[in-house]
Structure formats: C-alpha cells, structure tokens
Amino acid sequence: MVRQDFTLDMNKPLVFQVGHLGEAYEEWVHKPIVGKERPRLFENDILEFLTLTVWWAVPVIWLPVVCWSVSRGNTIHYLLHGCHHKHPMDGLRLVFPPAGAAIIAALLWYMIKLTTPSAIAPALFGGGLLGYVMYDCTHYYVHHGKPDKGVPSSLKVGHLGEAYQEWVHQPIASKEGPRFFESDFWEFLTKNQWWVIPLIWLPVVCWSISLSVRMGHTPLHIALMMVFGILIWTLIEYTLHRFLFHINTKSYWGNTIHYLLHGCHHKHPMDGLRLVFPPAATAVLCVPFWNLVKLIFTPSLTPAMFGGGLLGYVMYDVTHYYLHHGQPTSEIPRNLKSYEKDVEPSYTKGRPEIDGTLSNIVSTYDSASDDETIDICESCWKNECEGGCAPIVVDRGLLVSFSILLSTQENGGFS
204 MVRQDFTLDM
214 NKPLVFQVGH
224 LGEAYEEWVH
234 KPIVGKERPR
244 LFENDILEFL
254 TLTVWWAVPV
264 IWLPVVCWSV
274 SRGNTIHYLL
284 HGCHHKHPMD
294 GLRLVFPPAG
304 AAIIAALLWY
314 MIKLTTPSAI
324 APALFGGGLL
334 GYVMYDCTHY
344 YVHHGKPDKG
354 VPSSLKVGHL
364 GEAYQEWVHQ
374 PIASKEGPRF
384 FESDFWEFLT
394 KNQWWVIPLI
404 WLPVVCWSIS
414 LSVRMGHTPL
424 HIALMMVFGI
434 LIWTLIEYTL
444 HRFLFHINTK
454 SYWGNTIHYL
464 LHGCHHKHPM
474 DGLRLVFPPA
484 ATAVLCVPFW
494 NLVKLIFTPS
504 LTPAMFGGGL
514 LGYVMYDVTH
524 YYLHHGQPTS
534 EIPRNLKSYE
544 KDVEPSYTKG
554 RPEIDGTLSN
564 IVSTYDSASD
574 DETIDICESC
584 WKNECEGGCA
594 PIVVDRGLLV
604 SFSILLSTQE
614 NGGFS
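In this note's numbering, the protein residues as written are 204 to 618.
Read the hints as simulated data drawn from the structure, not as lab findings.
Careful: at least some of the hints might be erroneous.
What the hints assert, rightly or not - Straight-line C-alpha distance at most 20 Å; calculated EDC-like pairs for lysine to aspartate or glutamate: (1) 394 / 520; (2) 394 / 339; (3) 378 / 365; (4) 470 / 365; (5) 239 / 212.
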C-alpha cells in the first residue's frame, strides 16, 4: 500500500515524488495506468524534452554508429571503401555496385515511408536516389574525367590531400576570383554583389515582423524577440566559424566542401563577388534554421525570432564585405575596421604573415596615379625579401584594398 502520509500529485513532475513512497513503491509502480496521457517527469523543459523520444529516432541516430563500428573491421571496410583507397584508378569499382545500392535503397524507402506522410514519401525517396546518382557520377568524373585544364574547377582542390591546409592559407593577391564550376549555371550561383543580400533578405525580415504584428505582439515585444534572434545568429555564426569553417581537412570531399564554404575566401580574400554568402545557399540553410526556431520556441515567437536571426545575418554579411572592400573617410567606420582587435587574425594563421613588410610596400601607393601600376618584389608578399628579387606588377587599386586589409590585421584581423 502507498504510504498514508504521502500522496502522489499526478499533475506535478513525478521523478522527485516517487522516492517518498518507500517500500510501497514496488506495489505502486506495477499497477499500470491504461491511458495515452503521459505524466510529466521533470519541471525543467529541457530535461523533460530529453526524456521524450519518437521510436524512429533510435535507428536514425544509432544505425550510423553501427555502420561506423562495422566499418572498423578490415574485411568489411575493404569491401565498402578500402579497395577504393588501395586501387583509386580501378574504374569498374569506383561507383557503388547496383546490388548493394538496391539493398540500401530498400531500407531507405522503408524508413522514409515510416517517418514521412505517404503523399511526399515518393518524391523524398526520388530526391535521395537522384542525389546518390549525382554523387556517384561526379565521383567517377573526378577520377577519370578529362576536364579542360584551362578552366579552374573547385573539384580539383580535393586532390591536394594534407597539403590543402597550407595551400588554402596562402592568399592570392588578386581582385579576380577563380572559376569554381564548368557549368555556367552553377558558376553563376556562386557569385553575387553585396547589395543583393539586403535586397533579397530584408523583405523576408519585414514579412516575419508583419506575421508577429498580426499575432498581436506589441512593437516592444517584437523588438526584444528580434534582438534575441540576432543573438542566436551570433552564436550560430561563431559556432560555424570556430568548428566548421576553420576545421582541418585532408580528404577529397572534406577539402572540396571546405573550399566551397570558406576556404576560397582565405585563398582569394579580395574576390568581391564571393565575399558574401550566395542567396541560393542561404535559402537552403534557412529551412533547418526555421525548423530549429519552431522546435525551440512557441509558434507565436517563431516569426520574430527567425526574422531577428535573418537580420543578424544580413548585418554580418554586409559588415564583412565593408571590412574587406570599404574605404572609410570618417572616424567611426575606421574604428569599425578594428572591431576584432582582441581576436586572433584568421588570415595570418597557418601561412606567412602579411605584416610590416607589406606595410612598407603599400605606403608607396600614395605617390602613384590612379591608373598607375607599381612594381613590387614578389618575396615581399611572403615577408622574405632580402633584396634583388624579381618584381611583380600590382595594380594601385589592389594595393589600396590590401592596405585596408593590413590595417585591419594590425588591429586584430577579421574572419
């Protein structure tokens, strides 16, 4: 029997109540309650959330761990991927065998049917299968294709392996960026002017504010929620920069993805058309960000929080562009360029510094006319000049940009 001096309150969290039942606990716990209503275990929302799990989360989370542990075995690993490392030019074993793909496709189809509405399951499965086909064909082309060597391609950097990190942190002093893709369409999606960012995303911010207004929130509440959204974006941006954009990669796809996401910015810091994040990629990333905000906050808070995060992104990207290409004339913008004075410069990490030697070089641009080019010692860019080196010709406007870059780095740099 339950102790007479203690009664469980089923409307309150149970975890810290049941201990008071003493010896009566065993009798109480083995009397099931027939009903779909579930009790609350913790008063804290985070702890309560961690106790709730849909069944399909278990295979989604742990099957990859099972696959990873199985792949540690020599035989399985060799069959799955090791043979490709050992014989990288074996064209008949470069793509995944259809028999193996069929087994995996069947498991994928079954999982999609169980976890998504039947109306969208076929399209979702087809998209996944199309992604696999694109990946395998691209993988084969990277190894055995014969692209025009005169056309730079982002797919080539993956072959640098461990040398990629050293290569990507040696910037090229040029306003012209490389060509990423042979396809004109994909190449177009990687380039855009800085003003495209506010032009596209500020209307979305206004739309999110209008949703909050229609939900009955006051201007003060909306402003506070948007400020909180900006803080969330700041945390996300720092996390991405710290743990993704500056990660050390050495595999083919690791190098390639890193180069596309951020490495190109280190290699070509003065490429103005790839300094802000492409809207197409931003649109893709907005989907999980919107769902994350919906998961954490209530429906009435979601629009303003999302709008604040998006506004924070726009402010960040426009400021980032200005720090590279802006030429301030007043005191406040000049101070803005040293806004990261206490942060380690990311451009000087892992490569020869652009420091005092470049400072001496760029000081010469004041004496040059607007259309004039200046001869500069090639080794000076590496801070290794000892005199008598072969000069290279650099445009005066580029020196102006690099003097701004140098000024920023001397005050702490930017990322």
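Quick rundown of the hints versus the structure:
A hinted pair counts as satisfied when its Cα atoms are at most 20 Å apart, and residue 394 with residue 520 qualifies at roughly 14 Å. Of the supplied pair hints, the one linking residue 394 and residue 339 is violated, its CA atoms being roughly 26 Å apart against a limit of 20 Å. Taking the CA atoms of residue 378 and residue 365, the gap is about 27 Å. The hint is violated against a cut of 20 Å. Restraint check for residue 470 and residue 365: the C-alpha separation of about 16 Å stays at or below 20 Å, so the hint holds.
Between residue 239 and residue 212 the alpha-carbon distance is near 18 Å, which keeps this suggested pair within the 20 Å criterion.
Checked against the numbered hints listed earlier, the structure breaks hints 2 and 3; every other hint is satisfied.
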